[in-house]
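So the sequence lines, in the order shown, correspond to chains R and V. Note that the working numbering gives residue 374 to position 374 of the first sequence, counting from 1, and the numbers run on in steps of one. Note that the working numbering gives residue 567 to position 11 of the second sequence, counting from 1, and the numbers run on in steps of one.
Hints may be right or wrong, so weigh each one.
30 Å max Cα-Cα, derived DSS-like pairs, lysine-lysine [to be verified]:
id, chain 1, residue 1, chain 2, residue 2
1, R, LYS316, V, LYS954
2, V, LYS733, R, LYS346
3, V, LYS1006, R, LYS369
4, V, LYS1017, R, LYS316
5, R, LYS84, R, LYS529
6, V, LYS787, R, LYS227
7, V, LYS1016, R, LYS362
8, R, LYS370, V, LYS963
9, R, LYS162, R, LYS447
10, R, LYS447, V, LYS733
11, V, LYS733, R, LYS318
12, R, LYS227, R, LYS362
13, R, LYS369, R, LYS282
14, R, LYS227, V, LYS1009
15, R, LYS369, V, LYS1014
16, R, LYS455, R, LYS370
17, R, LYS316, V, LYS1006
18, R, LYS369, V, LYS787
19, V, LYS630, R, LYS447
20, R, LYS346, V, LYS1017
21, V, LYS787, R, LYS362
22, R, LYS227, V, LYS822
23, V, LYS860, R, LYS362
24, R, LYS350, V, LYS929
25, V, LYS1009, R, LYS366
26, R, LYS453, V, LYS1016
27, R, LYS529, R, LYS453
28, R, LYS282, V, LYS1009
29, R, LYS370, V, LYS1009
30, R, LYS486, R, LYS162
Partial list, computed: chain R residues near chain V (C-beta under 7 Å) [unchecked claim]:
id, residue
31, LEU53
32, LEU64
33, ASP182
34, VAL184
35, LEU201
36, ASN203
37, GLY206
38, GLY210
39, GLN217
40, PRO236
It should be emphasised that the hints constitute simulated quantities derived from the structure, not laboratory data. Glycine included, each C-beta is placed from N, C-alpha and C at the ideal position.
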Amino acid sequence: MYATFARRYLFVSMLIAACFAPPFAMRGAAQGGEPECFAIRGAKIYPVSGPPLENGTIVITRGLITAVGTNATIPPEAWVIEGKGLIVYPGLIDSFADVGLPAAPASAGGEGPRAPQGVSRGPEDRPATTPWRSAADEASLTDKRVETWRGAGFTTVVSAQKGGIFPGQAAVLNLAGDRAGDMVVRASVAVPVALQPSGGLANFPGSLMGVLSYVRQVWLDTDWYTKAVAIYEKNPRGVERPAYDRTEAALAEALEERALVLIPANTALQLRRGLGLADHWKVNAVLYGGQQGYEAANEIAAKKLPVLVNLQWPEKPKDADPDAEPSLRTLHFRDRAPSTPAAFAKAGVKFAFYSGGISAPKEILKAVKKSIDAGLSADDALRALTLAPAQIFGVADRLGTLETGKIANLVLTDGDLFAEKTKVKLVFVDGRKFEVREPARPSEPPKGDLSGKWKLSYTTPDGPEEATADLTMASDGTLSGTVTGKRGTATLTTGWVSVEKFSFTVNILLQGEPFDVIFTGTFEKDSMKGTLAVPGFSIDFTGTKPGAQLTTRAEE
Amino acid sequence: MNRAPTLLTLAFAFVVLCGREAVDAAATPAAGAPPDTAPAPTEPGQVILIQNATVLTVSHGAIEHGSILIKDGKIAAVGQSIKAPEGAQVIDASGQFVIPGIIDCHSHIAIDGSVNEGSISVSSIANIADVLDSDDIDIYRDLAGGVTAANVLHGSANAIGGQTIVIKLRWGQPAEKLPFEGAMPGIKFALGENPKRSNFRAPGEARYPTTRMGVEETIRAAFTEARDYKKMWGDYSRRAAAGEKNLIPPRRDLRLEPLVEVLEGKRYVHSHCYRADEILMLLRVAKEFGFKVRTFQHVLEGYKVADEIAAAGAGASTFSDWWAYKVEAKVEAYDAIPYNAALMTKRGVVVSVNSDDAEEATHLNQEAAKSMKFGGLTHDEALKLVTLNPAIQLGIDKRVGSIDAGKDADLVVYNHDPLSAYAVVQKTLIDGRVYFDRQRDIAERADREKEKKALLEKEKKAGEAGKEKPAEKKPAEAKPAEKKPEEKKPPEKKTGEKKPEEKPKPPSVERSTSPAARSAGTRLALPGGGL
């Protein structure tokens, strides 16, 4: 049975490889013949703008929704999709991420100072400050997450660079396009601020209070710059010219365009502080984090500030010292954080969800489900993934609901969006159809545990190679972990174990292009064997657990 | 003194940033410490009568079998025969002692993030008020030691440090409710070894100043700049008022604004210091620029220059009996003596005894009592060291510091004379609300333990249902309901101090490039590390 399966599986991957030349497949082009008009009929439709429609039809023409209803006319040229058994939702929006932006170079990846001389002695050195960077300009379809996020039902992200106190300006990006520019729905919607001290002991700012004062000074400087330039431009003669400052100029322009300022605030203390900062800074603020909002929901509602809620709920750290007892307050926080969205909904706080630190996009909706289990209505949950973020970022006139004239961003599932077994079947981004590919996963539970560090050996055309797989298996057989080889470390994008079979996928860069490498095989206690495949090519591998190897070495 | 070896061992790590600063109390909870969340205060607005107590008013002697009536958070009456109004909550304090709430004139509790903006020699841009942490369990622990107000200071890594704030220890209230309303804000200065970075230096760092001369020059330079900044704004206002058009206003400079406030007498200077020479130096500089030093903090050699301190109208806030630490390469605490508080008091200086440390603050009553042995202060004089005197030093003595009608009902109830080693706080009130109640705390501990266990169990189950086997959680040991005095650990001031993260940096060059500095043409610091 295994042999048949493996052969079929390999065949399928070969076929995929043959059909789609890798560069195109990976660039996120729509799969198939690119029709311009689609109609989905007989589906359940959640427009979000109104009550759900049973047996509804939705028509998409040239990237836009052109009809929604129970008796919408289907144009003759439409590619008709039978929607029986399917549910149509507006494309989901991840309201704060860096998806679609290529990973920052290592030096800028941390929170380190970016002052040109590498030394920061005060606000004038503008430490860790690059507000002129634009996510719209830096958006790229080469980011592997464009596809994985889309596969989880996300058609849109509000993305900004990470790292630094003023990392750059966020843009609303659609997760598809022929060219990077196609992704941009709206540029410069927000200026995220981080309050991480960037300097340490020898560089300013080295403390939270230092960062807060620094940011305040930057706003004052920006305000001064705006006024000084206006005075100067009116009558330059006889007036000392105000010096150009890239930070002030970029922020002045963003604020003039009414960009939102995103203020980090996760605990109740930070949320209350954030409310005060919004006042003191005199900006259109949105708080992000929000997880201890159950303690401050009414205060936030009173200030009418929207909140982006981080879906990576606080958990017991994986490497927690078993003897270190968390405080009762910490335990309360871990227990109650998922109840925050319900508290927000009740208090009338406008909120949207974002993936936060979640790296496997399939976990995002599971995290939303936790907040539904903690009292949030499914309608409010859907809204926080669609219309609410569109409203917060000022794009509700084009995104967030299934209404005529809006951008055709849709997600089609085979069941309730938040049910565990539900699968995303189709995703439309700007009217382009994407089927969600997923290696077939058998339903039998795993026999044995694949968790642990494995040493993998295989022979490429260039000679023998070794890699290490550090795997963690959940009780249902879902695999997570990393594979480290010659080309660096890659995180598993999917993976499963069923009986003695397994499959996992990592994505690596080969000659600058991202490729899925799919490992499939069987395992016994301390050994595994199987095949690793990239489109158009596959080789056998064997694996052992180092523990077993150690024994061998000892015997030698 | 079992304290000395600890001090010797740990002084290095410690003085790095703050002098003898903030111990990370969360990392070293004392055995039998209250749980990590604590009971919320009682409801406000209650009319309360404390009766049958020995009331130590501090301002006008002791009242045996005395009563204190509290209305609207204020002391309505103090005396021997006060009847309980209808509906009043009566606290019978028979055999117990009531004193005004203890005021800690040098504290680093309730700060979110680092106590120091240690990167620069003039960090006046940083403000403790921005980072008050109402969740800091040290607030509750110090409350349990009878502290009701604290002067929350920036660390001492800088000649001119950050802005400071006086708080009331209103545990359970949001951070915005902590500040002592109307109290004058302050700024921290630091003299001597700490701002020189004698005992610690980031790798490759070459920060100016590295000598006491340099510390003096740094302060003078900063105030010269502040004076110019003030003048620049004055000129602008005059020209704008005269109707001049097309005037570009000066930039606001958050670093210089607090220094201008010091020059204008709108902000107190609290200066960390040890040696007599540096104390005299700061008095000279202050005189030159026309500002006052409100308090000298630590001021270990204050007894040598007590007359000069008294003449300048400055207060002195010191330790009870810390000496002979910081004696390694850089001697500056060598001449400290336990008679310091008493000697300065006798020369007319307003003296307080402070904690500089969350644990020390839990027994400031005992710290004050030591001056009765060392230097022969009276009972009242000793008690004043932690009540009325720090209130005077912080300019809040019209509101707190003694038990007088009209003052805030910030009170501490002890089971014994508070200057006795057997005294244990029973209740602490702020604004007439009971924020700490020993009986209630003890009664609620079991429930808290139970709740904690239930949550841990829930987490464990969720973990098993999800992935992998979670790590076994040891059942929490039952905590002793009461801590015996002899079990009390000796103060470990330096344990738990987080070592600042050491990041290798290229050698830095001090420079002054703030817009104001550029336009004013003055320097904040010498280039090239000064040496």
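Legend entry - Straight-line alpha-carbon gap LYS370/R to LYS963/V, limit 30 Å: 51 Å, violated
Inset, instruction - For the pair supplied as a hint, LYS787/V and LYS362/R, confirm whether the alpha-carbon distance does not exceed 30 Å. - result: Distance of about 61 Å is beyond 30 Å: violated.
Legend entry - Satisfaction of hint between LYS1016/V and LYS453/R, Cα-Cα up to 30 Å: Holds - the C-alpha atoms of LYS1016/V and LYS453/R are around 25 Å apart, at most 30 Å.
Legend entry - Hint status (Cβ of ASP182/R to nearest Cβ of chain V, threshold 7 Å): 39 Å, violated
Inset, instruction - Return the status of the interface hint for LEU201/R: holds when the least beta-carbon distance to chain V is below 7 Å, violated otherwise. - result: 4 Å, holds
Inset, instruction - Given the hint that LYS369/R pairs with LYS787/V, test it: the Cα-Cα distance must not exceed 30 Å. - result: 61 Å, violated
Inset, instruction - Using 7 Å as the Cβ threshold, decide whether LEU53/R counts as touching chain V. - result: Interface hint status for LEU53/R: violated (36 Å vs cutoff 7 Å).
Inset, instruction - For the pair we were handed, LYS860/V and LYS362/R, check the Cα-Cα distance against 30 Å. - result: 71 Å, violated
Inset, instruction - Decide if the proposed pair is consistent with the structure: LYS630/V and LYS447/R, CA atoms, cutoff 30 Å inclusive. - result: 71 Å, violated
Legend entry - Restraint status (C-alpha distance of LYS733/V to LYS346/R at most 30 Å): 26 Å, holds
Legend entry - Proposed proximity, LYS366/R with LYS1009/V (alpha carbon, max 30 Å): 26 Å, holds
Inset, instruction - Decide if the proposed pair is consistent with the structure: LYS486/R and LYS162/R, CA atoms, cutoff 30 Å inclusive. - result: Given that 30 Å is the threshold and the Cα spacing comes to 27 Å, the pair holds.
Violated hints for the displayed structure, listed by number in ascending order: 1, 5, 8, 9, 10, 11, 12, 13, 14, 16, 18, 19, 21, 23, 24, 28, 31, 32, 33, 34, 40.
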